[in-house]
Amino acid sequence: MLHIKNGIVIDPKNGIIGEKMDIFIKDGKIVEEVEVNGCKTIDANGKLVVAGGIDLHAHIAGGKINTGRAMRPEEMRHVRQKTGKFRAAVGRTLLTSPAIGYEYAKMGYTTAIEPATPSIYVIHTHEELDSIPIIDKATLPLFGNWHPVLRYSADKDIEKLKSFVAWVLERTKGYGVKLVNPGGVEAWMYGGNVKSIDDTVPGFGVTPREIITSLIAAVEELKLPHSVHIHCNNLGMPGNYETTMETIKLAKGFENERRQVLHVTHVQFNAYTGSSWRDIGSGAEHIAKLINSMDNVTIDMGQPIFGYATTMTADCPWQFELHKIAKAKWCNRDIELETGAGIVPYVYRPKNPVNSVQWAVGLELGLLVDSEKIAVSTDYPNGGPFTSYPYIVTLLMSRKFREEEMKKAHPYMEKATSLSSIDKEKSLEEVITMTRVTPAKVLGMENKGHLGVGADGDVVIYDIDPLNYSSNDWQTILKAFENPLYTIKSGEIVVKDGELVGETWGRTFWVDARADTTTEIIEADLEEYFNYYTVKCCNYGVKEAWLRNPVRITAG
Amino acid sequence: MRNAVCTFCGNVCDDIEFDGVTGKNLCPIGEAKFAAKRRIEAPMVRGRRVSYEEAIEKAAEVLVNAKRPLLYGWASTVNEAIRLGVILAEKLGGVYDQCSSVCHAPSTLAMIEEGIPGGTLGQAKNRADVVVFWGCNPVEAHPRHPSRYSVMTKGFLTKGRQHRHVIVVDVRKTATAYLATEFYQIKPGYDYAVFTALRSIINGHEKAVPEEVGGISKKKLKELADILINGKYGVIFYGLGLTHSRGQDRNVENIVKLVQTLNRHTRYILQPMRGHFNVVGAGEVAAWEAGYEYAIDFSRGYSRFLPSEFTAVEVLVRRDCDAALIVASDPAAHFPKEAVKRLAEIPVIQIDPHPNVTTLLADIVIPSALVGIEAEGTVYRMDGIPLRVKKLKDTGYWSDYEILKLMLDKVIQLKGE
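If you read the sequences in order, they're chains A and B.
Per our numbering, residue 1 is the first one in the first sequence, and the count goes up by one each step.
Per our numbering, residue 1001 is the first one in the second sequence, and the count goes up by one each step.
Incorrect hints may have been included.
Pairs of lysine-lysine, BS3-like flavour, derived with a Cα cap of 25 Å [claimed, not checked]: (1) B:LYS1337 with A:LYS82; (2) B:LYS1173 with A:LYS324; (3) A:LYS536 with B:LYS1024; (4) A:LYS543 with B:LYS1393; (5) B:LYS1232 with A:LYS82; (6) B:LYS1337 with A:LYS195; (7) A:LYS543 with B:LYS1390; (8) A:LYS536 with A:LYS160; (9) A:LYS289 with A:LYS351; (10) B:LYS1337 with B:LYS1067; (11) B:LYS1091 with A:LYS536; (12) A:LYS536 with B:LYS1390; (13) A:LYS85 with B:LYS1207; (14) A:LYS543 with B:LYS1405.
Label-pair ranges, simulated between beta-carbon atoms [as the list claims (entries may be wrong)]: (15) B:ALA1175 with A:GLY253: 55 to 63 Å; (16) A:CYS538 with B:LYS1232: 30 to 38 Å; (17) B:ARG1246 with A:LYS327: 27 to 35 Å.
Not the full set, but computed from the structure, chain B residues with beta-carbon under 7 Å of chain A [what the hints assert, rightly or not]: (18) ASP1014; (19) GLU1090; (20) GLU1114; (21) GLY1118; (22) GLN1123; (23) ASN1126; (24) ARG1267; (25) SER1299; (26) SER1303; (27) PHE1305; (28) PRO1307; (29) SER1308; (30) ALA1339; (31) ILE1385.
Everything labelled a hint here was simulated from the structure, so no lab data went into it.
Nothing here was measured: the structure is a model prediction, and the numbers come from that model.
For glycine and all other residues, C-beta sits at the position ideal for the given N, C-alpha and C.
My request is simple: use the sequences and hints to build the entire structure.
Rendered as structure tokens:
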């Protein structure tokens, strides 16, 4: 039992903005005021008290990040912690599994979602997730280039698609439906790509538009807690904002009272104007306007951070382009009839005009899009390390800090983006929304992102007084977010004064959507399909018993 | 049990039917694995039979009292056990190394230089119309590879043997060469030069190529380049012929560059023919737990990677370790003489189902359950695809996981942490 007293609480979901109040945690949950005798008390007088942060898109586990580690030993020479009471933790922007859990906790984050798992590799993803201490987690299997999905979308057979999605989520212990460059990865198997949402996928006569809308229909009918989560076509290319806008508009035909019907991820990488690298510019304003005018689409930033990064995505054709552009080493993996993966190291240089534009586009999105519709992310480790979230939040909150940082960027940024003309400074309430409330809502995690009774006992205390701070004093803001006074995970103190003091093991959420579906209608298809697999159907996927701490969530 | 998983080679076939004594669908080497064999009967400390608990306690004492123990092996056990092994090495300030360091480690080094444009075995089965075996001999080393994945198998787009152009390149006419559409015999040690010649031809620098490279005429090389470039989807499998001949990692690096070049014209992937059923896991688990795949030293309290210093052979030859834990491996039979000499000098703890040469010089011997037959867990096929191997029959032997779990607990207890 834990009693946090006198803290100044910001809990936007429950309408609490900077009120002095006490928080009680019992059995890992927030409870009503309880008998405080004999209960551990933390005095948070004049300090900010918020829910634990949620990262809805970070490649923290699985074949991609691990291949990245193996191919980049240079990343591992950054020592974060020696072995002792806790595990050794190493890694510059690619971290080891223990380091990932520790570093999230050390900036007040308690939940993170691995957003792209090839289903056939899912045991690996879960093994790694189970090796990450402290945080709660989940994984999203990839659907956008999977042969049965392409076939059912071409046939417009939503019933079969629903059954297939439910079957996959159960087999993989997955949380939701992820699409990466739908159709484009299948085209890559022939050395191609798709250039718009109306291109035809070779061999299937289906378009990305049809794949996306079919999957949205299936996910909505299955009432999954999380909507379709999409990495759009044409990622990284100048002029791609138009494809992104068209993709976003696909949500117009759908409705959901509880949440968005489409989450478009790391939009920064999909928000460029121009026709080449010479005239690339920002499409952030167009996209922000569109998102703000709709109420069923959300996005996350995908903010690049100047410095080292390792790009890794299922978008193989783009990774091959990047390998050629950056002249960097390149790992690729074409995966059965499901999907693919590519990994290319990258450095975002402030003196590079394109990188400067990318940096500005991310911030423009963060500033211009309503906080209820955008979450903070770096698309870890594509844009940079997740440990930069305090930096991003401070940039959003302080125009003065932005001006300092803009001085580092290439002057082309001024011409190609409107970042310097944006005066907006997000309030504490808004950034707490972007890092807690919005991601929880996007993911459909009702017990996360707030401090109401029944919520998870994930609480963070930051050394900043919400009633008395100045956005010009960005040093104080940055320091506060980088070093929480306390991070409390399920009622256990894991971080104190920015230092790790406890280690717990979080849960893995997965969604069971089988209630309203039947595998009977897809059984014959599966049987035929697994003839072409190199793994037997019965040996495919992962059982609950193999996971450390699984939590089943029933859809509906 | 139907659809059991074989735990011998990197194929990790998952269609074995096992009735408790013999298995169907097994290849000759898989059959040997499943056949009853001589086992280490009981835990022993210097030849004296003891309980598991006592052997493990003694082992923990040896490891804690060592300045820098070597923890080696791991390719023939499950990830769950490997993970404990990495943590154990970290807690002890020892060295973690695995069988790759005398096998496919040059592939890792090449990946560090250039990456690996790869794919799963299902891609060979479903899409490949050109299949190349370079310096590897699956017919004898991975017997079901051609029929399950790469040559005779019927795939989604490539419907069988007649639709695949199969090329074998080797220094001698191997059993696999008899499966080939074309066989190219090259001079030992000339792989690097042949890759460079092929790259030159494909990149349009044909003039720079001499009349003969590595025993193959320029005409034949041009033919080969044509076949490669005319494939819609090609898969190149390579083996120890590249990693263990002159050039080692540079050979692999050059074939990676060849595949990069080919991908500018058509689609190609590259796949190493990994040996043991979980040698991939022995690298992957270490990568997520400690950041590196092999040759990891923890003596400074964090992980460091240096193949020229921290691989098992180097650590032994330099006398840089003063105790060794050998799990599911037989270094005494395979390491150079100087390394084995050192192994004989220091206290050695062995965990293995079967007696082998290492058993003869081990001070503490702990028998374990056979992974995939008597113990379950996760293993990674040669292309990294994870499979859960099953427990098919009961045993009185402890699993590697159980032994290492207790050993780690004892070590933490003895170190007072």
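Cross-check of the supplied hints:
{"no.": "1", "hint": "B:LYS1337 with A:LYS82", "result": "violated, 35 Å"}
{"no.": "2", "hint": "B:LYS1173 with A:LYS324", "result": "violated, 38 Å"}
{"no.": "3", "hint": "A:LYS536 with B:LYS1024", "result": "holds, 16 Å"}
{"no.": "4", "hint": "A:LYS543 with B:LYS1393", "result": "holds, 20 Å"}
{"no.": "5", "hint": "B:LYS1232 with A:LYS82", "result": "violated, 50 Å"}
{"no.": "6", "hint": "B:LYS1337 with A:LYS195", "result": "violated, 60 Å"}
{"no.": "7", "hint": "A:LYS543 with B:LYS1390", "result": "holds, 13 Å"}
{"no.": "8", "hint": "A:LYS536 with A:LYS160", "result": "holds, 21 Å"}
{"no.": "9", "hint": "A:LYS289 with A:LYS351", "result": "violated, 29 Å"}
{"no.": "10", "hint": "B:LYS1337 with B:LYS1067", "result": "holds, 23 Å"}
{"no.": "11", "hint": "B:LYS1091 with A:LYS536", "result": "violated, 39 Å"}
{"no.": "12", "hint": "A:LYS536 with B:LYS1390", "result": "holds, 14 Å"}
{"no.": "13", "hint": "A:LYS85 with B:LYS1207", "result": "violated, 64 Å"}
{"no.": "14", "hint": "A:LYS543 with B:LYS1405", "result": "holds, 22 Å"}
{"no.": "15", "hint": "B:ALA1175 with A:GLY253: 55 to 63 Å", "result": "holds, 59 Å"}
{"no.": "16", "hint": "A:CYS538 with B:LYS1232: 30 to 38 Å", "result": "holds, 32 Å"}
{"no.": "17", "hint": "B:ARG1246 with A:LYS327: 27 to 35 Å", "result": "holds, 28 Å"}
{"no.": "18", "hint": "ASP1014", "result": "holds, 5 Å"}
{"no.": "19", "hint": "GLU1090", "result": "holds, 5 Å"}
{"no.": "20", "hint": "GLU1114", "result": "holds, 5 Å"}
{"no.": "21", "hint": "GLY1118", "result": "holds, 5 Å"}
{"no.": "22", "hint": "GLN1123", "result": "holds, 5 Å"}
{"no.": "23", "hint": "ASN1126", "result": "holds, 5 Å"}
{"no.": "24", "hint": "ARG1267", "result": "holds, 5 Å"}
{"no.": "25", "hint": "SER1299", "result": "violated, 11 Å"}
{"no.": "26", "hint": "SER1303", "result": "holds, 6 Å"}
{"no.": "27", "hint": "PHE1305", "result": "holds, 5 Å"}
{"no.": "28", "hint": "PRO1307", "result": "violated, 10 Å"}
{"no.": "29", "hint": "SER1308", "result": "violated, 13 Å"}
{"no.": "30", "hint": "ALA1339", "result": "violated, 24 Å"}
{"no.": "31", "hint": "ILE1385", "result": "holds, 6 Å"}
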